[in-house]
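Taking the hints as your guide, dock the two standalone chains into a single complex.
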Amino acid sequence: MRRLPLAILLFALGACRGSEQTAGPPGAIARTPTVAAAPALGFLDESREGTPVEGGILRRRLVGEPATLNAVLQSGLPEQQVLQYVSRQLLDFDAQLALTPGLAQRWEVSDDGLEYRFFLERQVFWEDGSAVTSADAVFTIRQITDPKVPSPVFKPLFEDLELVEPLDARSFRVRFRNRDALHAYAFALPLLPERRFSERSIVKTRENRAPLSNGPYRVARWKTQESIELERNPRWFGVPGHFDRIIFRIVPENAVAYRAIVEGSLDESWIDQSLKERSAKDRRFQSCCRIVEFYNLDYNYIALNNRSPLFSDSRVRRAMTMLLDRPAIVSGLYHGSARIISGPWAPDSPAYDASVTPLPFDPAAAAELLDRAGWRDTNGNGTRDRNGREFEFDLLSSAGSTIGGQIDEVFSGELARAGIRAHVRPLEWSAFVERVDSGDYEAASLAWAASDANPDPFPFWHSSQFPPHGVNNAFYSNPVADRLMEEARRELDPAKRREIYHRLHRIFRDDPPVVFVVNASQKYAFRRRVRGLVTSPLGLYGFWPGPLSWWGVPDDSVTGGRPQ
Amino acid sequence: MIRYLVRRLLLAIPTLFGIVVLVFLLLHLAPGSPASAVGSPEAGRRVSAAAREEMRKLYGLDRPLPERFVRWIGRVARFDLGESFVDRRPVSERIREALPATLALNGLALFFTLALAVPVGVAAGGRPEGPFDRASAVVLFALYSMPVFWAALLLQTLLSVELGWLPLYGVSSDPAPGGILGLADRLEHLALPVTCLTYGSLAFFARLVRAGVVEARSQDFVTAALARGLSRRQALWRHAFRNALLPLVTLLGLLLPGLLSGSVIVERIFAWPGLGRLYFDSILSRDYPVVLGLSLLGGVATLAATLAADIAAAIVDPRLREEA
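Going line by line, the protein sequences match chains A and B. Numbering-wise, the first sequence is residues 3 to 566 according to our numbering. Numbering-wise, the second sequence is residues 92 to 415 according to our numbering.
Source of the hints: derived by calculation from the structure; they are not laboratory data. This one's a predicted model, so the numbers in the text were calculated from it and none came from an experiment. Be aware that a few hints might be false.
Said to hold, decoys possible - Using C-beta positions, here's what the derived DEER-type ranges look like:
#, chain 1, residue 1, chain 2, residue 2, range
1, B, Gly273, A, Glu117, 57 to 63 Å
2, B, Pro268, A, Gly415, 52 to 58 Å
3, B, Leu398, A, Gln288, 54 to 60 Å
In this text, a Cβ means the ideal position worked out from N, Cα and C, and glycines have one as well.
Chain B on its own, in the form it takes in the complex (with noise of 0.2 Å):
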């Protein structure tokens, strides 16, 4: 086990590496450039050429790409993610305030989707065919189908707009209340983002779990424990829903660096602090350092989760311990 692990994380570096050199490449020879990305479409601003001769030499433009990018290896491999062209920050600290942003929301809405599909899945994989499936079907499908930044708006009108049940958008109040009211008034403004996030990937996993429950129930094992004397409930999540679990937890494995991309559209519509944004504006005003200071996060976060993921099989699965 040790020995994989080892092989495992010797493997990650030169696919780290891989990673963070397709990245620099991309977004160095994309068109466009921090100089001619000052301003907006709305704002139609423009920038003069000297000024804008000024700002390439400043940003270190002018520089041949292999300089560069040896330069920026040097500061990573020193833990030094170089400053926003934007605001001049470190890009570490622009990352760290819009880390738990992002964190708390995708958090929520990975064990929100979670606890809802796992039963969902078991239930509508128990009788596949049956009523419950069949309508757990269409309201997924359903669901899915929805596209996010609509769904929002409807929501946004419906529950804060014309009943005023839920804020707007925002992570707190402003002032925000203190202690338990304020982590209450914190709950509240995740509620809404929270729900767009869950309801689209709650019909994908829903029906992943299906499916596993599905191909299980029809096993031998399954039929086994039903004449052991186990209950239908039993054989079901005992027996059943385990063995569906292993797809389930390699594609965790996938979604947990999604924790820290975020999501532009949600975090756009709710005005959230978050990683998506920061990515998002990051890329449009041709940021450079901190888009790559971000892609090399979701790269370390990748391989980190697959390789979490491929531990975790192996300890849900006996199998795979063995051939490792």
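Isolated chain A (complex conformation) (with noise of 0.2 Å):
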């Protein structure tokens, strides 16, 4: 374990994925200074330790069946997992959140930040021989922006695309109508071999069960709603993987995942607190297995909805923030792993200035805070009440969420003695991001999950993007932010975006948008043969080469073991 400097975690240019999926995992610093006393989770990178082991098969765990194995049309987490080692990208992010080449060697910025060349490397083939070519960039590009295609992952990264073509066989342009330093973001992107679609839709192929790979594995077998095993391709041109098979094994379950990895039949799953809990005291668990734990660039917080007339003043959204303890949650609901955030962004992203200390938790000033906003509880009901409206609201939560259900708990405790009433309202997913897209809810409980590296606030919080077109869904309004996100966006010069930053920071601090709450730590259970694990902001697997670099010794007791 080492620590990572910060000067490290550079600004690299380009940006892109907004909220995209969850990626996972790791690497951060313990540099924020929380009430709550946090771990030392360090960014691990046992990528020097040891000798590799070639061979071997690597069994991990899928939460759910992909939908697809159609890098464009991909839309969460289980088919990021199996695309990683299948499907290459123009461009990568390293560990560090920087970008790199991949599929491209390299890459140029017209002076007007508008334009973008791409310089394809040589040799690279999909797994029948074919070259990678620029048609087939220019394909995919073309695809994603087809109104017929539903690419929800990176439609938003093209949404101001003005043209693509390809230049030579090799190379391609890319011009977009606004200027955003963080574009080149959303060319860490899978291509499509077009031969292999000419004339069809993308969408209804079987094809997109059975990809063509211009990666390091290819899909060997894939049993409906069981396993999707891989297997080495020969094609392969890069630095190869260490396993010679990875098998995926859909396993819905936390609870179950925990008890295959003691058994042997898994490698690795993420995990929750509980089951983290339960490890420390498992004997046979500490023998054989060893938890992982990072920070990434995930958050949680509550979103208030500032169209409503609870939380239009500025004061309310400071007074709700400082009723929240988040030392507390911090200590009790965390145990100590997750840090307290005082704007949209995790610790360990660039973006995020930990000279900022987040608001402290003060029921007495909040009070205060709420009766200079004009909230007293006139009628002596216990409730504080504003032009005969009482301060009372629903607190909406995803059903799916254990810990973000708890917060609401806690929160509205605090609440209740502060003469708010907050009915926390768990409701299934679906239902829950309808009302919240659409604004129709006065608090939500959230988890923001970052997908890259882009720290761009612009699409969350810019008075421009409130629903139906945008994402601000909490209707946040502040010119000041308004006109630093402006300027951020046409800023190339990394250390200035940077500065830029701090001080939206220092404003969503002082004037914030939502209650944010804390980015907490992710969790792994891996079997100790697993080696050769790098963490990074971006999780085990959302970065390059992330798991392509882990090796397995042979383990005794998974063969003693049951197999699977």
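Pasting the structure below:
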């Protein structure tokens, strides 16, 4: 374990994916001072420890079945986990959040920041032996922008695309309508083989379950709802992975995945807080397995609808933040493995300014703010009111999120003592998302999941991005913040852009759009036989080479025990 | 009898139509949509508004509800259940893939339930309030009240993780051995989930059989049989049990469709690739065509099984035959 110097978290150029799928994991530096003592979870890099053993099988877990293995149509974590082995990207993020060459060996940005030119590697091939060409890249980007193609992950990244065209067999150019310093992030983009789909809709073809690989592995078998097996791709041109086979087993339940790891039929899985606690007391687990824990870029917050008369006043939103006992949440619910945040980034994001200390838990000061905003208990019923409206609202949460529900309960208890009535209302996921995305709510407990290093707050907090058009579903509007967000998008110099984000961070604390809660650690259980792990703020799998650098020693307890 | 059958079959058509309309309405009027269902609470991912709108159009969700219904019914009439929103494969293909796993699991569970419930019920009912009746009642109620997810995890920990006797999850080993060993391997994988599905319904059935037997044994024909010199055992099985069979047959008719619906909890815990998981996942992802297809299948199965149960009851009970 080593600490990662801040400077390494360079602000890469380029930017792209907004809040897309979760990636996972890791790496973080405990550098924010929080009131509750946070365990020092370090950046884990075993890539240079020991001599990798070649061969063997890696057994990984998927929570659900991928809907497709067409890289453009992917929408969730299971797809991303499998495709990482099969579908290489033009550019990659490395463990330090920087963009690095992938299929593209280099790229150029025009002075006005609108045009990008990419130059592909010479020796890159599809599984069938044909070359990866600029026609594939152009085809892929055109498919993404086709209204008939559902590409939820990539569509938002190319919404202001002006044109894309090949220059020659190995290079192509892309032009955007607006200047955005982080446009390059859009090119962490897997490609589709154009010839394979010629003239057919890419949406319905059988090939989506048997993708043509241009990565280190290819799909050998897919047993519906059971497993996906990958084998080495003989045409792979890059550094090979260490395992001969990767088997993904679909195991929906965390508790069962945990048992499968102990038993030896899985090598790794994401686990939750309660399983981590269980593992500490589980001697069998300790003898064969280990917990890998780190911080990534995800965080929780409680969205407040700024258009509601309850939360339109900035003082009220500050008071709400000061009424949430975040130190108690960190120590009580997360047992120390979470960090309080003061703005819309995790502490390991370069945009986060560690000197912006979070507002304290201070019910007395909060009460004063509420009084000043006109919310007083005038009718003596124990609840604050203003102009005849009681301070009472529904606090929505997603029924699937245990920790979110617990945070809501803690919050509503504290609010009740301050004369505010919040009713916690768990909703099923899809129904929940619909309410929040349409702005039909007053308060809602949310998680923000980062799939790439893009810290651009514009889509989420700029006043031009209200629903239904955009995703600023808190309806936050602050003219100064608006201006800074626009400036940051235009600023091509990473250092200057970072300064702007730091100024924004201060505004987000002092005129909070929502209640920012914590950046909690990610926990994974691994069999000890798997070595060579590297964590990153993008998780265990959200960067390159990610899991490709893992290797495994033969595990006697696996062969001796029951085979999966 | 034939006329009775025809009448029942004709009656089934409006019933089925009613079921389908109801499911269609419930599904489409429920909050959420395929676009908002992308992602999960764990992943927390969101889709941009523009992408969401495109998805709605793509799935035809921008069309008025009646139009969507007529289109769907039109396709169903041509035996086409449409395509899944999630992976764009035919709904019938997805159902066909998941059907065998669920049938095997639920069929075996039903078999074992009956194989255990009938003797236990008859034995208990043979001597009500006797030692066996009391003991079995305690055990059965204890089993009945045990939550299945808890029992399943406990059994997994004990029999798979600690002792290594049975596989933890899945339908077969990977790679699965061939021939007779392959069959044994599959049966091994079935053991735990079948146990979990069996133990709960066992109590229900055994008590039902017991109640029937208790009632029948106090009837005159049983007394008469005993008076004719039949042994207690003969009187119980040949006379009392036969009468207790009637409610069981009716109930079975209602349970047979359950063979198709699967058990969400057991299938999730044992990572079983069955219809229960497909149904559950499809509801969460608002995969309307799959949910509708499965509901239709369930509706047809329920009607068919009810019909079969009525016929069986007529065979078991001559009085019903004559009425018909």
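The hints, checked one at a time:
1. In this structure, Gly273(B) and Glu117(A) meet the distance hint of 57 to 63 Å, their C-beta atoms being roughly 59 Å apart.
2. In this structure, Pro268(B) and Gly415(A) meet the distance hint of 52 to 58 Å, their C-beta atoms being roughly 56 Å apart.
3. Range check, Leu398(B) to Gln288(A): Cβ separation about 58 Å, and the 54 to 60 Å hint holds.
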